[in-house]
Every structure is written in structure tokens, then in C-alpha cells.
Amino acid sequence: MKDQSGDYTLNIEERNRLVTLSFSGRIDLETMESVNSRLDAFWESSHPAEIAADLSGVKYMDSAGAMLLLQLEEKAKDIGISFQFLHEKEEFKGIMNLLDMEALHIPPLISEGDQKGFFELLGEAAQRGYDDFIRVMTFIGELLTAMMHSLRHPLAVRWAAVFFYMKRVGVDGLPIVSLISLLVGVIIAFMSSLQLKQFGATTYVAALVGFAMVRELGPLMTAIIVAGRSGSAFSAEIGSMMINEEVDALTTMGFDPVRFLAIPKVLASILVVPLLTIYSAFFGIVGGLMVGVLGLDLTVHSFIKQTMESFKVFDVVSSLIKAAVFAMLISGIACQRGFQVRGGAEAVGAATTSAVVAGIFLIVLANSAFAIILYYIH
Amino acid sequence: MNHLQKADNQPVIVVENLTMKFGDDIILQDVSFEVFQGEIFVIVGVSGCGKSTLLKNMIGLYKPTAGRIMIEGIDITADDEVALNRFRRAIGVLFQAGALIGSMSLADNVALPLMGRRSMSPDTVDRIVKMKLGMVNLAGYENHLPLELSGGMKKRAGLARAMAMDPTILFFDEPNTGLDPVTSAELDVTVKAINRGMGTTMVIVSHDLASIMSVAHRVIMLDKSQKGIIAEGDPLDLKENSKDPKVVSFFNRSLEGLKT
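Going line by line, the protein sequences match chains L and E. Each residue of the first sequence is one higher than the one before, starting from 1 at the first, in our numbering. Each residue of the second sequence is one higher than the one before, starting from 1 at the first, in our numbering.
If you are wondering where the hints come from, they were derived from the structure by calculation, not from laboratory data. All C-beta atoms in this analysis are idealised placements derived from N, C-alpha and C, irrespective of residue type, glycine included. Just to be clear, a hint being listed does not mean it is correct.
[Claimed, not checked] For each label pair, taking beta carbons as the anchor points, the in silico distance ranges come out as:
#, chain 1, residue 1, chain 2, residue 2, range
1, E, Ala90, L, Val364, 35 to 45 Å
2, L, Ala41, E, Leu112, 38 to 48 Å
3, E, Arg253, L, Glu245, 37 to 47 Å
4, L, Arg342, E, Asp237, 44 to 54 Å
5, L, Leu250, E, Met115, 19 to 29 Å
6, L, Ala350, E, Ala185, 30 to 40 Å
7, E, Leu112, L, Ala249, 58 to 68 Å
8, E, Met115, L, Phe163, 14 to 24 Å
9, E, Thr19, L, Ala249, 17 to 27 Å
10, E, Ala90, L, Ala41, 30 to 40 Å
11, E, Gly233, L, Asn16, 35 to 45 Å
12, L, Leu250, E, Arg253, 26 to 36 Å
13, L, Pro175, E, Gln226, 23 to 33 Å
[Stated by the list, open to error] Pairs of lysine-lysine, DSSO-like flavour, derived with a Cα cap of 30 Å:
#, chain 1, residue 1, chain 2, residue 2
14, E, Lys227, E, Lys243
15, E, Lys239, L, Lys89
16, E, Lys21, E, Lys192
17, E, Lys227, E, Lys239
18, E, Lys239, L, Lys59
19, E, Lys21, E, Lys246
20, E, Lys246, E, Lys192
21, L, Lys93, L, Lys116
22, E, Lys224, L, Lys93
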């Protein structure tokens, strides 16, 4: 019986239950799969008392080929068949000696993750949620303590870093905030005009856009953009620093990481996000104005007059306070997620995603709270 | 000349007049040398002398500004993707910190080179992974993540991955850096065993004296001011007989030779 497959040949000769397996050519990674299936077939059809593996024709053998032959020997000996290699070259012995066949039988030290039941998974998720809540609360405590410290010792704040992040969050974010707000203004004006036209009330488009942009959409749109742009950047930055032991280095040098890394980012956000919110409201109104003047035959004068009458100082102030609170939530949770990073590159990615998702969730939650509180104050 | 530089032993690596510049900075100029089949060849030198740059040229990560590098008869400086892929299959590289993919288990890391290149049954891949991990004394660790391992274990796992395809040439970038003396010696033993057992040619960039003395068949020493090789030969011979003050101070770990 002879098989020729790729670069090897395997001759199987049986005489009085003595089987000679003559290998030749290449016994390596390439041919391994094919040799293996040939040997499996041999074990099924043949029941020898003695096996000799003749390697005289083998031109090349790598560690995979050596493993295959050693496993053949192992299997034969396991079932009590005497086995020997014939014409084994020195170089093949070298490779075979290098292999530790025991290693193939050592079970994994840790299992690949056991199958967990529904309740176990549910419990774990609940525990994770609880742990996360505690961590966030602890961080908020640390952040507030650090903020109080900064208020009492303003000179201890790294103002250069604060200005750097003000530029990053504010100046660099201005174009995208302006563009999106302008388009939101255009959309609100256009969609509402379609409805208001039916009642001949298109003049109220100005009031609607102004009120919506100043009270709700300005702060909300700005905060969501800042969460996506800057919240993700904050958590990725601190997360990479955690992995590179830079945060540990700061701690050993006597710096409080929260004060050193988080405070400049949080302060910069609190200072700059309200300004961005004003821009956002302004560009939203400009978007509405464009629709009003070009599509609804309103004059610029009447549009601006309507807009100015639509909101009061209280609305502007409350929207700025809202923006400052959003800024603190976004930057705070982003820094906290960054500090939470353990492990490698993957953990930084997870922290960044979590920073944005949690940031937007907190914005919406806080916005609901503001809606109720402002209703009663007003 | 050692036993591997016999006339009948063809060089597997030939570097000819290699020059490497970054912008206007010349890092290496007119460097030429050969590495022979089965040799453990060590590139030494103080920090900043261009060792790692030379290694990155030899593994095809950098393209030299001038000169030619022939590895196993393949000109890796020519823009021939097919030839380069053949070359990449023939070599294995152990990076300084192991360069294991953090999100994958050790088994998946070691199986990476196998996965991309041929169709194999999962059972075969599993057996090869176990065997390779066994060769570097990491049997049983296949489900561990890299972050669960010590520095020395990461390097050994990196070595298992570099050997997954049984390369004819293995490159090492400072394998002993950051290892304690015992772990470092263990790695040297593994390196020598693989070299002896499988006849693998090894090119090692190192400045770890103990390891150089233990494993090297032949060394070349690079120098920053000369931008090239200032010494070549048997490490013990260089240590004891060199006249060059830079070589003497390097191999004797002293500043004596540099005093004028």
C-alpha cells in the first residue's frame, strides 16, 4: 500500500503482524494533516504486534513532523505494541529530544470560562452594577474634595493644563457645535413651519426655535457633542496612563492623581461648555432665521424681535447652569472611567465607550431632573 | 572563525553596504556582514548605536536608504511582495516585551501564524500550540491572558509564537532586557536548545553581557560615532584580546578603556 500526497510518501508493509511504516520526503507542518489521516486509517484497519518506523527516506522534518512521529510511538506503546524508529538521523533526534510530550497531556491551568446559568449571570450583572455605583460615588466624593481644595487653593490648580483643555474642548469643538446647531435650527424651523402654515401661524416659528434652542436643545446638543468629542478623549488619555503606570508614578511622586489629572479637565469643561452652549443657541437661531427669511417671507427684524420676546433672562441663566452641570458630569464620568482601566489596549477601548454612553445617560437623567426643578422654581 | 563558518556552509543572511538614514541623520553607513546557517549571531553595542535599526532592516520593517539585504536568497530590499511574504514565512521574531496580543489567550497568540497561512484542523492547531508552549516551559498556560503572566513568561510565550511555523531564522530584539538573572539564564538555555535541536539560525540584538557570553557563536559590535561595525568575532576573544577601548570597556563592563 502506498500513498503519495504532496511532498511525502508513506509505505505500509505488513508481514506476520510486523508492520513497517516507511516514511520519505517531507514530514512537516505542510504534510502533517495528510500523514495523520493516513495513520488514523492504518490504526483502524490493522492490528499489528510490532511496528517499525523507517525514516531513512525522510529528507526534512520539522517540530510538527517530529511530534506526529512521537505521538505514533506513544500510541503504539500505550496499547502494548513494541515500536522502534529505524535509520533515525541525528538531526531528527535533536528535534525529537527538544519536544516535551508530557506538555500535550497537561490540562489547562485555568479553564476556558465555564458555562454559567441564567441566575448566576444575573447575579454577576447586579453585583457589577452595584460595584460600579459604589466606584462612581467614591469618585464623585474624591472629585468634590479635590474641587473644594482647588477653590481654597486656586494657585495649586495647574492653570496651564486648564487652558490647554479649554482650547481642546471649547475652541476646537466650536466648528462642529456651530454646524450641528445651525442644522438643528434649520430642521426645527422647517418642520414646525409645515404644521404652523395650516393655521397661518408661521410667525411663531421664530419664538419656537428661540425657546427650544435656549431652554433645551442648546445645552443638550452641546453636552452630547462634548461627551462624544472630549469625554472619550479624557477617558482614553487617563486609561493609557493607567496602563503605562504613569498614574502610579504620579502617586509615588506625591501627587493626587484626581487633583493632577481630573481637576484641570473638569474645570476647563465647566468653564467652556456654557460658552459653547451660548454659541449653540445662537447658531440654532441663525438656522431658524435662514428658513424664516428665505422660506416663510418673514423679515429679519420681525424674526429677531419674536425671538427676543420668546425667552427671559431666567431661561438663559438656567440653561447656562444646566450646561455647567452637564460639563461636570461628562468630564467627571470620563475621568472616572479612565481611572478604572486595568489590563491592556482592549480595556482602554471599553472605558472610552463606557465614558460616552454613561456621559450621555447622565446628561439625559440630569436634564429630566432640571425640567422638574425649574418648573417649580419658575 | 568558528565551526559554522566553514567553506561549505553558505551564509543565510548577507548584508551588503547597508546605509540607513532618518531624514538627514545617518544611523548606519556602509555596513556589511554575513550570518551562517545554524549560527547564533549577536549584534551588540551601547544604547543608540543603531542595533535595533539594523534588526528592523533585517526583518523588513524598515527599508534601507542604500544597500542590499539577502535572506535565504531573497532580496528583502527589493519591492517584491510575493518574495517578502515567502521571507516572512521563513522567519520568526521575538519582540522586546513579547508583543503578545493582549485580548487573546496564549493559545490564540501562538496559533496566530498558523491561522493566517494554512488550513488545519482545530485539533492539529491545538496540538501544535500545546507542543510549542511545552518547548518554552509554559505547558498548561494556553487559556491565560498575557496580562496574567510575568515578564519572563511573556517573552517565552512570544518565543513560542515566533517558533509556531518552525522558522529557519529567529530574530530576537533584546530578549534578556527586564528579566532577572535566573529567568534570563533560563531563556538562554531555551535559545541554545532550540538552536542545537532544530539547527535554527539566530540573530540576537542584545547588550546583556552575561547572555552574550553564554549564547553567542559570533558577535558584531556597532558604534554610534563610526555608524557601523567596529569589532567582529568570538565574544570571549574580543573581551580578552581586543585593543579597541570601546570594545574593551563594553565587554569588561568598565569605563577604563574609554579614559584618555
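Honestly, do Thr19(E) and Ala249(L) meet the 17 to 27 Å range at C-beta?
-> violated, 39 Å
Does Lys21(E) pair with Lys192(E) here, judged by a C-alpha cut-off of 30 Å?
-> Violated, because 34 Å separates the two Cα atoms, which is more than 30 Å.
Taking only the CA atoms, is the gap from Lys227(E) to Lys239(E) under or equal to 30 Å?
-> holds, 21 Å
Pair hint Lys93(L) and Lys116(L), alpha-carbon separation not exceeding 30 Å = violated, 46 Å
Indicate whether the distance between the beta carbons of Arg253(E) and Glu245(L) respects the range 37 to 47 Å.
-> violated, 29 Å
For the pair Leu112(E) and Ala249(L), does the Cβ-Cβ distance stay inside 58 to 68 Å?
-> About 32 Å separates the Cβ atoms of Leu112(E) and Ala249(L), which means 58 to 68 Å is violated.
Ala185(E) and Ala350(L) - C-beta distance against the hinted 30 to 40 Å = Holds: the Cβ-Cβ distance is about 39 Å, inside 30 to 40 Å.
When you check the alpha-carbon spacing of Lys21(E) and Lys246(E), does it fall within 30 Å?
-> Within the cut-off at roughly 24 Å; holds.
When you check the alpha-carbon spacing of Lys239(E) and Lys89(L), does it fall within 30 Å?
-> violated, 37 Å
Could you tell me whether the CB distance from Ala41(L) to Leu112(E) stays inside 38 to 48 Å?
-> violated, 31 Å
Range hint 30 to 40 Å: satisfied by the CB atoms of Ala90(E) and Ala41(L)?
-> Holds, at about 33 Å.
Assess, step by step, whether the Cα of Lys227(E) is no farther than 30 Å from the Cα of Lys243(E), and give holds or violated.
-> OK: Lys227(E) and Lys243(E) at ~19 Å, within 30 Å.
Hint violations for this structure: numbers 1, 2, 3, 5, 7, 8, 9, 11, 13, 15, 16, 18, 21, 22, all remaining hints satisfied.
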